[in-house]
Amino acid sequence: MLTRDTRDPATLPRLLLSLLALALLWPSIRLSELDLSVLVASDSQSEMGRFVAAFWPPAHGAEFIELLLQATLQTLAIATAGMALALLLAVPASLLASRALSLSAASRAGHPNYWGQLLRWPVRGVLIFLRSVPEIVWALLFVRAVGLGPTAGVLAIAITYSGMLGKVYAEIFESTDQRPAHALLQSGSGRLAAFCYGILPNVAAELLSYTVYRWECAIRASVVMGFVGAGGLGQQMDLSLRMFAGGEVASLLLTFLVLVLFADQLSRLLRWRLA
Amino acid sequence: MNRLINLALLLCIGAAVVASFSYLGINLGELGDTGNLHHMGAYAQRFLSPDLSAGHLQAIGHGALETIAMSALGTLLAAVFGLLLALPAAGRFGWPLQSASRLVLNALRAVPELVWAALMVLAAGLGPNAGTLALALHTTGVLGRLFAEALENTPPEPADAIRLQGGNAVWAFCYGTLPNLLPQLLAYILYRWENNIRMASVLGFVGAGGLGQMLYVSLSLFQEAQASTVILAMLLLVLGVDTLSSWSRQRWVKA
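In the order they appear, the protein sequences are chains A and B.
For the first sequence, the positions run 1 to 275 when the working numbering is used.
For the second sequence, the positions run 1 to 255 when the working numbering is used.
A few of these clues could be false.
[Said to hold, decoys possible] Here are a few chain B residues that face chain A, going by a calculated C-beta distance under 7 angstroms: (1) L11; (2) M40; (3) P50; (4) D51; (5) P112; (6) L114; (7) A124; (8) N129; (9) T132; (10) L232; (11) V238; (12) L239; (13) V241.
If you're looking for bench data, these hints aren't it; they were derived computationally from the structure.
The beta carbon of each residue, even a glycine, is placed where N, CA and C say it ideally should be.
If we strip away everything but chain A, and leave its shape as in the complex, we get:
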């Protein structure tokens, strides 16, 4: 007669996995000093409560609105100017780093020769370095080098985004159909002409939509960079937080939300129109 087997065959692996997870979790809880109780502790709760209670109504004095408008415009300007500078760096760098314009690749089925590969690596390395250091670290460094204010933010965005744009542009050039450019190169045209007539027409839409997307990211980044003193909404938010001015923080957060939504819509419009 069949009897029911109450043994679960998956018990042992599950038990061991859970133990392993716990063994890994414990040191990281210790390291990160995790303490959720701090959120419900009475003194911090009353402190936070007072702060959050001041959120309503959001600050809306004429003077503060003026300040807010200035900061918002500054944020937008930082993102736009930073992107313009980044493009100045990224376009030449991507042309240098891309395999698509290799003369030797044109006659070797798309594989550049050894020397061509070797010479492209330094440019790629620089681009990797530029984009791997987080933008806010660049901002912090530039604040020390050129002083507080939007200039540091513009330079930080220019540096990080030129790394990102350069890499992605180079990859976009390589991912499109290589035959037009190869044909032009093999019939003796210069590299720039081959790029303009063989590659650019195919990739222009993709380049544009990626650039507009990055501009949207730059707006978000420039808000955050203000926290280290690089101008814009972030700097104002840092000041208001330090003064425990809940109402001001609330209006700044609202402005930030509106700005992000606006950038989202604008980038959608631009991509739809131009791409």
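With the hints as your guide, set chain B onto chain A.
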């Protein structure tokens, strides 16, 4: 006509670029001035000799571990709370709860990590605890939304079958819905963890622990040699995470 509109748009973009430079009053010529360049060069030069002494390296190792622990715990907490919020957000408990939980998720997601960190430093004090909570809060918003979308798109038949056999709702969820959903949830969690490691390394700028705090402190004390080692460590961490994730994606996630 279409071309004309596009041309006008391009002109607007050009005007916006010029206007932003003039609004910010950035004088590129002045920035490229020899005296200014000299000053910046001298500043950059102080970063060229990173402090590689054993004591400092040990401190950096501790900071890096702290960063990784912060990101891991923050992501884990976010996964738990995200799933808890995703259930109502996917419409499991009726529309009032659905719109309420969506509002909460959107609000959590809309505030950047660094702003959460600054708020948490006020609430929880300086240190990695604030950073962990900040990451958990922001990531809860992101993961909750992704989880809710995944929940909505998962086929309901297995769970329905269990309900029809007499299983209760919890069993139906655990044995009917979750097994289908788990690979996707794990992929989202790992992707966010990767993002959070990068983020955790800079949260310290507002006092929330990890490598960022070390960098901020040593830059404030004008110890450029120590700061440049911290930047190198950040670079290694970011590159390591990038390589690991792209390798594992190629290895396990076949498109």
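Hint-by-hint comparison with the structure:
A distance limit of 7 angstroms between C-beta atoms decides the matter here; for L11/B the minimum to chain A is near 12 angstroms, and the interface restraint is violated. Restraint check, M40/B versus chain A: the minimum CB separation of about 5 angstroms is within 7 angstroms; hint holds. The criterion of a C-beta within 7 angstroms of any C-beta in chain A is not met by P50/B, whose closest approach is roughly 14 angstroms, and the hint is violated. Because the beta carbon of D51/B sits about 17 angstroms from the nearest beta carbon in chain A, more than 7 angstroms, this interface hint is broken.
For P112/B, the interface hint holds, since its Cβ comes within 7 angstroms of a Cβ in chain A; the closest pair sits about 5 angstroms apart. Contact between L114/B and chain A, as hinted, is supported at the beta carbon level, the nearest pair being about 5 angstroms apart and thus within 7 angstroms. With its C-beta approaching chain A no nearer than about 5 angstroms, A124/B sits inside the 7 angstroms limit, and its interface hint holds. Because the closest C-beta pair between N129/B and chain A is about 5 angstroms apart, less than 7 angstroms, the hint holds.
Restraint check, T132/B versus chain A: the minimum CB separation of about 5 angstroms is within 7 angstroms; hint holds. The beta carbon of L232/B is not positioned within 7 angstroms of any beta carbon in chain A (closest approach about 10 angstroms), and the interface hint is therefore violated. Against a cut-off of 7 angstroms between C-beta atoms, the interface hint on V238/B holds, since the closest Cβ of chain A lies about 5 angstroms away. A least Cβ separation of about 6 angstroms between L239/B and chain A falls short of the 7 angstroms threshold, and the interface hint therefore holds.
Of the supplied interface hints, the one on V241/B is violated, with its beta-carbon coming no nearer than about 10 angstroms to a beta-carbon of chain A, more than 7 angstroms.
The structure fails hints 1, 3, 4, 10, 13 (numbered hints given earlier, in ascending order).
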